[in-house]
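In the order they appear, the protein sequences are chains A and B.
Here my numbering is used: the first residue of the first sequence is 1, the next is one more, and so on.
Here my numbering is used: the first residue of the second sequence is 1001, the next is one more, and so on.
If you are wondering where the hints come from, they were derived from the structure by calculation, not from laboratory data.
There could be a bad hint or two in this list.
[Claimed, not checked] Distance ranges between label pairs, derived from CB positions:
#, chain 1, residue 1, chain 2, residue 2, range
1, A, G43, B, T1151, 49 to 59 Å
2, B, F1311, A, D208, 25 to 35 Å
3, B, A1365, A, P133, 53 to 63 Å
4, B, S1051, A, G81, 51 to 61 Å
5, A, G81, B, G1267, 33 to 43 Å
6, B, G1150, A, Y191, 45 to 55 Å
7, A, H192, B, T1356, 22 to 32 Å
8, B, V1185, A, G43, 38 to 48 Å
[Said to hold, decoys possible] Reference listing, derived: stretches of chain A covered by chain B, where coverage requires no fewer than 3 residues with Cβ under 8 Å from a Cβ of chain B:
#, stretch
9, 42 to 54
10, 65 to 79
11, 105 to 118
Using N, Cα and C, we set each Cβ at its ideal position, and we do this for glycine too.
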Amino acid sequence: MAHYGYVIDSKNCIGCHACAVACKIENNLPNNNWWNRIFTIGGDNPNTPAGTFGENLTMGNMPVMCQHCENPACIRVCPVGATYKDAETGAVRQDYDKCIGCRMCMAACPFTGVRSFNWDEPKYAVDFPVGDPEVPAHQKHTVEKCTMCWHRLAKGEQPACIEVCPARIRYFGDFDDPDSEVSRLIAKRSYHQLLPEEGTRPSVYYLD
Amino acid sequence: MSNISTTLESGKPRDVSSGNSKAGGRGLTIAIAVSAVLVAAGLALWAMQLSGGMVQTGMRNLDSWGLYITCFMFLVGLSAGGLIISSVPKAFGIQGFGGISKVAVMTSIAATVAAIGFVVVDMGQPFRVWELFVYSNLGSPLMWDIVVIGTYLILSCAYLWAQLQAEKGKVSHTALRVISVIALVCAVLVHSVTAWIFGLQQGREMWHTALLAPWFVSSALVCGTALVMVVIMALRKVGYLSLDQSHMVRLAKLLGAFVVVDLYFFGCDLLTEVFPGGSGAEVVSMLVAGPLAPYFWVEVIGCAACAVICFVPSLRTNALLAVGALLAIAGIFCKRVQLLVGGFQIANLDYPTVLTPMQHTSWDAGLSGIYGQLVYWPTPLEFGVMLGVVALGVLVFLLGVKFLPLKPAEDSSSK
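Using the sequences and the hints given, assemble the complete structure.
Here you go:
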């Protein structure tokens, strides 16, 4: 039994979107579907700063995907148990074969936009599958989201987004192990979680 | 939607009064045929939605529920009145409303069938519906709703059957009373559980309030009573049944009381949201002056006008009562819209990021384009499917009128 999760040193994120692209390729995501996106903290548009040029321009980046909550809102509301918590890793997973497409989980999840529904038959940029062959096929009219790359975890690897980060600001590990890198990071650095007031206890920690 | 049903009903002929209740006349047959055609058209559109994808609807990841779930809420509400109006007098042994009990229950059955229809057309994978019974997660409010609404439909049918049997003397008065008590409890439950689908979700500021369940019950009483009044007036006008005006006045007073309670709950909720001045104030300003303002004001003013009509004796003319009842129904429909859309109108994480056509239909307009206006608007396909599902409800009701002896029994006025 482990409690895997992420620590993201978002202050040092350079906003290159490599993690988003790695996720997209690894999981063979259909067109227009992103499980991991970089939010811009600054202006009104992506990659724009707040403030006035020459005076006080500020801009930050914050990668956001499924927060793999310890107390997930989505699992409680799914009528068929298609979304569930993997006991061995703590990952919140989604069984596409079971999903009835009622979208209760999308209404329940407080983290805007981390879940995607395939509103159409999945279409792809290239006509052959990319990424890991063990990733289950995407299905029309079902809900999906970040899986914590469970197929990689099963092989003892880290999620794809962790490996590619050129700024090395993404960390992954077991919070139940006090000696893991992630546990040591949140022990010595101050951090915040998204929407703590919702009480879902996210497994993604953003270093301050 | 009530407009549709009233149009169809007022299209019924005037000559039915002479025949018995089974002979509906030509107009009724035409109305049944029209609604059957609309149901078939709705089925065709639904097949189109399933094969071509729900990308044809206005719903996307950021507004993942829409017209179907709005109508589901609304029709669950409409189904209330009939059953409650019919069962309360029997359950508590008080004076009834002049034998309209059976027609009232028939409206409940029809509205419940349509409500279930709306959940089905909203599902992405309707052919996996069997999983609900095999893999049931009994902790999910949606699962509670499926159990309760199924029970409710069966009970309503059983209750109608018991009333018909009781008239023939085959079911005792006590048995009927027991069934009516159970039906009443179930009716309260069905509205509460529907409210909990929304109210138990902490992630949506607009929905997450303990008041939601009682408020759903009161709204259901408002539009249910109003629907019964409209249907009774239409049936009286075409001569299907006669009802003493005193009963109509009592129904109107009841409607007025329900409307006032509903507005009171709304006021309590708004005050609780706005008073701390935090994120709740954002919800209130969205309702009062934001993109949802038209729905908010139609609801408040429509319901207030309905209450005035119901309470001022000189205003209780048939025409005005019909207007008042329709205003109340329109007001409650607006309330459903504002509740559903309001849940999606305020994003918890509103930072600019990658947006795609799967995120929102106005994805290329940026966050201000998405949230600056109404976050969701249905497509013609959704309106078409909606019309089909509503027609299914109307069809069930008209078939009941045609084939079941729903007219008040001779002795009913003395009840």
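We went through each hint and held it up to the structure:
At roughly 53 Å, the beta-carbon separation of A:G43 and B:T1151 lies within the given 49 to 59 Å, and the hint holds. In this structure the hint that B:F1311 and A:D208 lie 25 to 35 Å apart at CB is violated, the actual value being about 59 Å. For B:A1365 and A:P133, the hinted distance range of 53 to 63 Å is not satisfied, since their beta carbons lie about 38 Å from each other. The supplied range of 51 to 61 Å is broken by B:S1051 and A:G81, whose beta-carbon atoms lie about 28 Å from each other.
Range check, A:G81 to B:G1267: Cβ separation about 40 Å, and the 33 to 43 Å hint holds. A hinted range of 45 to 55 Å for the beta carbons of B:G1150 and A:Y191 is consistent with their spacing of about 47 Å. Separation of A:H192 from B:T1356 is about 28 Å and conforms to the stated range, judged on CB atoms against 22 to 32 Å. At roughly 55 Å, the beta-carbon separation of B:V1185 and A:G43 lies outside the given 38 to 48 Å, and the hint is violated.
Check result for the stretch 42 to 54 of chain A against chain B: holds, 5 residues qualifying (beta carbon to beta carbon below 8 Å, three or more required). With a threshold of 8 Å between beta carbons, the proposed coverage of the stretch 65 to 79 of chain A by chain B holds, since 5 of its residues qualify and at least three are required. Coverage of a stretch by a chain is defined here by at least three residues with a beta carbon nearer than 8 Å to that chain's beta carbons; for the stretch 105 to 118 of chain A and chain B the count is 12, and the condition holds.
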